[in-house]
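Build the full structure now, drawing on both the sequences and the hints.
Chain order of the listed sequences is A and B.
Residue numbers for the first sequence, in our numbering: 1 to 254.
Residue numbers for the second sequence, in our numbering: 1 to 221.
Any given hint might turn out to be false.
Straight-line distance between alpha carbons at most 20 Å, and here's what the computed EDC-like set of lysine to aspartate or glutamate pairs gives [as the list claims (entries may be wrong)]:
hint	chain 1	residue 1	chain 2	residue 2
1	A	Lys115	B	Glu135
2	B	Lys134	A	Asp101
3	A	Lys136	B	Asp186
4	B	Lys129	A	Glu56
5	A	Lys83	B	Glu120
6	A	Lys76	B	Glu115
7	A	Lys97	B	Glu88
8	A	Lys109	B	Glu105
9	B	Lys116	A	Glu56
10	A	Lys83	A	Asp117
11	B	Lys116	A	Asp222
12	A	Lys112	B	Glu115
13	A	Lys97	B	Glu135
14	A	Lys97	B	Glu184
15	A	Lys109	A	Glu133
Calculated from the structure, these hints are not laboratory results.
Remember, it's a predicted structure, so these values are computed and weren't measured experimentally.
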Amino acid sequence: MEERIQLKVKGLVKRFGSETVLDGIDLDVHKGEVVVVLGPSGCGKSTLLRCMNGLESLSEGNIFLDGEEVSSSGKKITMLRQKIGMVFQSYDLFPHKNIMDNITLAPVKVQKRPKKDVESQAEKLLKRVGLWEKRKSYPRELSGGQKQRVAIIRALCMNPEVMLFDEVTAALDPEMVREVLDVMLELADGGMTMVIVTHEMQFARAIADRVIFLDGGNIVEDLPPEEFFTAPKTQRAKDFLQTFAYEKRRTDTN
Amino acid sequence: MGLNFDFIVKYLPWYVDAAILTVRVAFLGILFSLVVGIICSAVQYYHIPVIRTIVSVYIEISRNTPLLVQLFFLYFGLPKIGILLSAETCAVVGLTFLGGSYMSESIRSGLESVEKSQIESAASLGMGKVLTMKEVIFPQALAVSVPGICANVIFLIKETSVVSGIALADLMYVANDLIGLYYETDETLIMLVLFYLIILLPISAFASFIERRLRYAGFGN
Numbered sequence: 001m002e003e004r005i006q007l008k009v010k011g012l013v014k015r016f017g018s019e020t021v022l023d024g025i026d027l028d029v030h031k032g033e034v035v036v037v038l039g040p041s042g043c044g045k046s047t048l049l050r051c052m053n054g055l056e057s058l059s060e061g062n063i064f065l066d067g068e069e070v071s072s073s074g075k076k077i078t079m080l081r082q083k084i085g086m087v088f089q090s091y092d093l094f095p096h097k098n099i100m101d102n103i104t105l106a107p108v109k110v111q112k113r114p115k116k117d118v119e120s121q122a123e124k125l126l127k128r129v130g131l132w133e134k135r136k137s138y139p140r141e142l143s144g145g146q147k148q149r150v151a152i153i154r155a156l157c158m159n160p161e162v163m164l165f166d167e168v169t170a171a172l173d174p175e176m177v178r179e180v181l182d183v184m185l186e187l188a189d190g191g192m193t194m195v196i197v198t199h200e201m202q203f204a205r206a207i208a209d210r211v212i213f214l215d216g217g218n219i220v221e222d223l224p225p226e227e228f229f230t231a232p233k234t235q236r237a238k239d240f241l242q243t244f245a246y247e248k249r250r251t252d253t254n
Numbered sequence: 001m002g003l004n005f006d007f008i009v010k011y012l013p014w015y016v017d018a019a020i021l022t023v024r025v026a027f028l029g030i031l032f033s034l035v036v037g038i039i040c041s042a043v044q045y046y047h048i049p050v051i052r053t054i055v056s057v058y059i060e061i062s063r064n065t066p067l068l069v070q071l072f073f074l075y076f077g078l079p080k081i082g083i084l085l086s087a088e089t090c091a092v093v094g095l096t097f098l099g100g101s102y103m104s105e106s107i108r109s110g111l112e113s114v115e116k117s118q119i120e121s122a123a124s125l126g127m128g129k130v131l132t133m134k135e136v137i138f139p140q141a142l143a144v145s146v147p148g149i150c151a152n153v154i155f156l157i158k159e160t161s162v163v164s165g166i167a168l169a170d171l172m173y174v175a176n177d178l179i180g181l182y183y184e185t186d187e188t189l190i191m192l193v194l195f196y197l198i199i200l201l202p203i204s205a206f207a208s209f210i211e212r213r214l215r216y217a218g219f220g221n
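Here you go:
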């Protein structure tokens with residue numbers, strides 16, 4: 001991992017009306033780093049990701065990509081979004097376009113790249129995740145796990161510098177979670193800078209370089225995964241991890 | 001009941017001419033209605049201030065006044081302030097004034113049916129507003145709007161029968177005329193019904209064909 005800071009969040013405050021969801025977040029994501037964001041629901045994990053991609057305006061603070069400040073309006077934000085890929089919980093493929101057209105739309109129309117180039121890139125990626133034969137299918141003909149893999153490829157074909165994943169397996173049946181997580185793991189191995197919001201604890205542990213624990217709109221832990229999962233510093237993180245340890249609780253009470 | 005076929009043959013050309021006029025007025029009125037509808041629905045969809053209020057007022061006036069009244073206003077009212085329009089122009093303008101609001105509401109319901117997450121998904125791929133509308137929102141909205149638009153088209157064609165009220169020789173006018181002149185009521189009315197069916201049935205069939213196609217396309221996830 002290089003030491004270059006790729007994505008920098010500085011003093012980020014986000015309010016919805018009178019409610020403060022993010023209360024002064026500082027976060028540096030280095031090139032090639034995989035940061036997993038954990039926290040109880042409603043702690044602002046998704047909002048943090050959405051702010052990073054300019055889907056939410058910032059109430060205070062700044063976000064820098066490669067040292068360049070990114071304002072949440074105008075041309076700059078469209079430029080930023082081409083460099084930051086985002087994958088959502090609900091896949092959000094375009095239902096009226098087939099898989100290949102879903103993937104090539106933005107690279108061709110936004111980045112003005114030759115369609116052939118994008119298609120050959122898409123071909124490689126689709127083959128790698130075993131969905132090449134689905135290129136002419138429509139999203140409704142695919143399973144959730146397949147759709148999510150296509151959504152990841154769609155984002156990848158923009159050649160982003162950073163990928164954001166917002167609970168991408170939360171809407172999937174358990175047996176489909178694996179195939180999506182495998183793709184993400186492969187991406188991480190390939191050196192992609194990633195920020196991941198997830199509820200898959202084992203996966204978080206396997207993929208993360210760093211675990212960020214958010215609570216009450218603040219970062220309360222920022223640790224390597226082994227340390228976070230075995231010896232979290234704060235009580236809030238301990239309580240949070242406890243909620244996932246069903247077996248342990250059962251044996252304790254018996 | 002014996003029909004007077006000589007009468008029918010003799011006055012068939014009157015009906016043909018009237019049908020051509022009906023179709024012409026309907027076609028132009030529907031075309032402009034769609035233009036007005038697209039503009040008004042876009043104004044409402046993007047919440048453009050001030051103009052949005054004007055559009056709302058227009059839609060309420062248009063939908064809550066009868067077409068005949070709108071035509072009387074154009075044909076008999078406007079000349080009083082020095083604006084003289086031909087009967088056919090009045091008919092097209094009136095039909096557009098009425099149809100524009102109906103089209104606008106149909107198109108708007110389609111636009112609003114496209115989920116916000118689709119727009120965010122497009123945004124996250126760096127797509128601008130115009131491109132998002134063209135490639136993502138509009139095609140999906142159209143699928144939802146088409147049944148409403150088709151219903152409006154048929155409704156507006158039938159509404160053209162009102163233009164006889166401003167002395168425009170459409171099908172209704174010709175039928176009235178013939179009844180007044182010759183009192184061959186049965187033949188006249190049968191011809192009238194037949195001509196409306198000849199115009200409307202193919203359009204109806206085409207509309208249900210399109211709707212079926214769109215339903216099979218089944219855009220929903």
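These are the hints, each one checked on the structure:
1. Proximity of lysine 115(A) to glutamate 135(B) is assessed by CA-CA distance (about 16 Å); at most 20 Å being required, the pair is judged to hold.
2. Taken as a hint, the lysine 134(B) and aspartate 101(A) pair is honoured in the structure, with Cα atoms around 14 Å apart against an allowance of 20 Å.
3. The suggested pairing of lysine 136(A) with aspartate 186(B) is violated, with an alpha-carbon distance near 58 Å, which exceeds 20 Å.
4. A hinted pair counts as satisfied when its Cα atoms are at most 20 Å apart, and lysine 129(B) with glutamate 56(A) qualifies at roughly 16 Å.
5. Proposed proximity of lysine 83(A) and glutamate 120(B) is supported: the alpha carbons are some 16 Å apart, at most 20 Å.
6. Pair hint lysine 76(A) plus glutamate 115(B) does not hold up; C-alpha atoms about 25 Å apart against a cutoff of 20 Å.
7. A threshold of 20 Å between alpha carbons decides the hint, and for lysine 97(A) with glutamate 88(B) the separation of about 43 Å lies outside it, so the pair is violated.
8. Straight-line distance between C-alpha atoms of lysine 109(A) and glutamate 105(B) comes to about 30 Å, which puts the hinted pair past the 20 Å bound.
9. Our distance criterion of 20 Å between C-alpha atoms is met by lysine 116(B) and glutamate 56(A), whose separation comes to about 13 Å.
10. The suggested pairing of lysine 83(A) with aspartate 117(A) holds, with an alpha-carbon distance near 18 Å, which does not exceed 20 Å.
11. In summary, the hint linking lysine 116(B) to aspartate 222(A) is not supported, as the alpha carbons are separated by about 33 Å, beyond the 20 Å threshold.
12. With a C-alpha separation of about 26 Å, the suggested pair lysine 112(A) and glutamate 115(B) falls outside the 20 Å cut-off, and the hint is violated.
13. A distance of roughly 9 Å separates the Cα atoms of lysine 97(A) and glutamate 135(B); the hinted pair therefore holds under the 20 Å criterion.
14. For the hint linking lysine 97(A) to glutamate 184(B), the alpha-carbon distance of about 58 Å lies beyond 20 Å, and the restraint is violated.
15. The suggested pairing of lysine 109(A) with glutamate 133(A) is violated, with an alpha-carbon distance near 24 Å, which exceeds 20 Å.
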